[in-house]
Amino acid sequence: MKTPSNLKYAQSDEWFDPASGTVGITDYAQNQLSDIVFVEILVEEGEAVTVGKAIASVESVKASSEIYAPSAGKVSAINKGLSEKPEVLNSDPFGEGWMIKIEGGSAGDLMDSAAYEKHCEGRAH
Amino acid sequence: MTYIPISPNERDEMLKTVGVKSLDDLFDAIPKKHRFPELDLPPALSEMEAAALLGEMASSNENVREHMISFLGAGAYNHYIPSVVDHMLRRGEFYTAYTPYQPEISQGTLQAIFEFQSLMTNLTGMEVSNASHYDGATATAEAVNLAFAQFRGKRKKVVMSPAVHPQYREVIRTYSQGMGLEEAGDDASVNPESGPEAIIPLIDESTMLVVVQFPDFFGRIYDYTKLIEAAHAKGALVCIVANPTAMLMLKTPGEMGADIVVGEAQPFGIPLWYGGPYLGFFTTKKSYVHKMAGRLVGETLDSRGQRCYVLTLTSREQHIKRERATSNICTNQGLLALGCSVYMSALGKSGLNQVASLCYQKAHYAASELGKIKGFKVHFKESFFHEFTLQCPKPASEVNQYLLENGIFGGYDLGRDYPSLKNHLLIAVTEINSREEIDTLVQVLKEIDNG
Amino acid sequence: MAKIIEPTIFELSSPGRLGVTMPASDVPETVLPPKELLRSDLPLPELAEVDVVRHYMHLSQLNYSVDGGFYPLGSCTMKYNPKINEDTCRLPGFLYTHPMQPIETVQGNLVLMYEMQEWLKEISGFAGITLQPAAGAHGEFTGVLMMAAYHKSRGDTKRTKMLIPDAAHGTNPASVGMLGFTVVTIPSDARGNVDLKALEAACDDTVVGMMLTNPNTLGMFDENIEKVIKLVKDCGGIMYGDGANLNALLGIVRPGDLGFDVMHFNMHKTFAVPHGGGGPGCGPVGVSERLVDFLPSPLVGIIEEEDEDTPPLYGFVTPKHSIGRMKAFHGHFGGGLVRSYTYIGMHGPDGLKDISQYAVLNANYLQARLRGTYKIPFDRICMHEFVMEGQFEGSDIRALDISKRLMDYNFHPPTNYFPLIVHEALMIEPTETENKDTLDRFADALIKIAEEAKSQPDLLHNAPNDTQFGRMDEVKAARELVLCCWLPENYETMK
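Residue numbers (the numbering used here), protein chains in the order written: chain A, 1 to 125; chain B, 1 to 451; chain C, 1 to 495.
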């Protein structure tokens, strides 16, 4: 399981890059969801979001999940390529699988990579 | 009689294995004061008695094959069903199977649904079809659900033609009670007798869906291409409620550019059955497939490299998405979708063309002959397929009563839903109606006192 | 190239082949509508009748069915479907009646519907019944609409929370979602009952009601049912009963007597309407006195009382505050109500009680035979079904592997992965129409599979091994989305 140390993590398995404002789902999340076949971004560019707002909906062959904003702010970019290639959420969740960028607001209560790793281990499966 | 295959000895042995003394001991968890109520129901019948009783009940009806000549349509049509259809439906392998959750041992049902989806997309000119809905009305209501989900509740207006089946409009209203929808078109503001151009001004940037019927409830055929262009210009989706028999002959809603095409497939191999069960179909464009309700079958391969079929995109559905699902639908009309497929396959392209042609020809013969009777007139000038609006010299209810006394179910009394049309009957003619039946209708109406 | 076991009906088509033909027209010809209103092509298959019969026969042979074997799919009540029902529902008097016929000409249908309403009231203890809903989920939606309408009619608009146990069917929250209410999940306690403390904490004046399946999806009858209902009602909520598991309760207890306000019936489960490979179902709804005025319209009623010479006249009536119409016509009359009327009529009060008693006996017998081999997390006398874990200590075998292996023994697997609160759940519902020999063979197979899980785990991992088809690539299906086919000559242009 990858947890890049430059990122911050939400309890609900989103990552947030404080440097760029980029948001995505974690390696742990993509693995739990298994093969992702559909993603829909629920916000628009320029829209203001609050922490915890549903920003995307993801469906895999066996599960469905909503993705929540880890930070408040304004949506400054959306990864429009995702709807065509939802499988990159599995193959490259921290790179090509980024979802949106949020800028100009404060992040919610997020974990660093070590704390997030512990959080994942603590969940029994 | 019961169907329990356990002898008293076996029962006692089983009770012993379970560790209780009697069957009643299995129910200790149930509050004592309510346990084992005496049900006041008629005593059990043997199979012979049940067959006789049901036979008596059935034959006390006046039916449209043995007793009555019928020109009733209005959403349920009297068509001939080839014998082969029921022979296939009576196969226990089909009708005693469940929803195909285990695809390895359910390929019969899965491939049959895949073929149903294919028959529907080829018929409507659309890209995807689901595995069916309860009926045409609920399929239409699910189109509203799709549009609501597509715009994520940001658009709330539905523009509904008043010439959509009144009962379908009622169902849409029932279904959408929790959505806070704004409905336009379906009220006194639009003259129901006007054509689709009358609802175009109602479409705006808050409109999520426009619903029209093809042919419309009065039987009129319109090319909705312009209406659809106008709706798309405002970003709205368009749903066409289409009659499958009419689509065999007419320009497809897909060609017109519709986003969703739904309807009632009862005319394709499903008996009238006093209103149900029928078969709603739902087709749309591929881009809306993730918002579509209902079961969906897709093609894939098995571990041995064999082509096969599975339920797919199941995470759209209620058992996974729960309260976020577009709909709660699970069981649909599987067996009737199979019946529809057998109907379409058994008649084939040629037989279906014949059905459509006979409906068209006979309806036009009837309209032409009825229009010659003093006081009667075909009400609309637009083209029609197998159903048309007949203006009568007196209230339609009185005309129908007279016809009933003469062994004829006249037509649907349009005055029930449209006050301005209280003297109008909606007459449906199918391949079932012989020239003799049509001539009888004409003859009886000639005799009606039209003073 | 993929190997094709049975071509599609489109692939079997050959241009110019004729199937069933219709008679020649007996009326003078009328010109067709203008060309721009006509379709250019009708791209549908062309086959002879024998081609059609062979095709669907082949397809039928690829299905597992109740007529063919044991189908212990939990929560689905896959009981035997009596053959007489197939005959009664096809009587010409039922087949050929139009939903818009004058009521005087369909008194047979209306009597049947009226009596069915009365019978279902008596069986369930409710005050009113609608026969209109097309399936269980449709009935559920009907019920939730009535709950919403009830509160609204009293001006009680702050109620938006629906309480739903964690073991519930997915249709419960989905029905609630369709009305925009929020779902509050109530956990189960260690005995498989609703956790009373959690329920009490959730009950306040914002509660619409509670949707409870009882017996629940663990197959347990809630031992505190009266307390649960009292808590919900005391806070002003309405008690919804999911009737999916009614096969355990016929003549045993009436949900209306327990205090439920509304419940849907699954006629295709409890009253032997065949499942048809996924429908049509039939889902009447019963309600207590306080919801009667909100029932969908129309209902069947007596509109002219009988007198000395004439029987009563049955017709349609509209409840005072009806939520409206749920579908175009009167419900699943032919396929649903005629079959279940025949079934209930042939059972009578004692026969109905037998159904539930033997359904419960069969489930407990299987549970007793499998206890010790499989872990049963909520282990007490069950109702018509029970749930066990499809996993073993120190083994990577999962419920799915066990299910697939059961196919090699020619059994349909139980329901997998439901309810969600049991790990690797296998939910087993034998129904009352199985004999002891079948139950023993099934238990023996599961015990053997538990041994195989240790000795030859690959037999399970690769299962099914002896069926026509192996495991299927669901990811490929969902990613490539091949959802329909076309005539061979259209394939290239359409694809």
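Read the hints as simulated data drawn from the structure, not as lab findings.
Even for Gly, the Cβ is constructed at its ideal location relative to N, Cα and C.
There could be a bad hint or two in this list.
[What the hints assert, rightly or not] One side only, chain B facing chain A, incomplete, derived with CB under 10 Å: (1) ARG90; (2) ARG152; (3) LYS156; (4) LEU202; (5) HIS290; (6) LYS291; (7) THR312; (8) THR314; (9) LYS321; (10) ALA325; (11) SER420; (12) LEU421; (13) LYS422.
To see whether the hints hold, each was checked on the structure:
{"no.": "1", "hint": "ARG90", "result": "35 Å, violated"}
{"no.": "2", "hint": "ARG152", "result": "7 Å, holds"}
{"no.": "3", "hint": "LYS156", "result": "17 Å, violated"}
{"no.": "4", "hint": "LEU202", "result": "26 Å, violated"}
{"no.": "5", "hint": "HIS290", "result": "5 Å, holds"}
{"no.": "6", "hint": "LYS291", "result": "9 Å, holds"}
{"no.": "7", "hint": "THR312", "result": "8 Å, holds"}
{"no.": "8", "hint": "THR314", "result": "8 Å, holds"}
{"no.": "9", "hint": "LYS321", "result": "5 Å, holds"}
{"no.": "10", "hint": "ALA325", "result": "9 Å, holds"}
{"no.": "11", "hint": "SER420", "result": "45 Å, violated"}
{"no.": "12", "hint": "LEU421", "result": "45 Å, violated"}
{"no.": "13", "hint": "LYS422", "result": "49 Å, violated"}
Going through the hint list in order, the structure does not satisfy hints 1, 3, 4, 11, 12 and 13.
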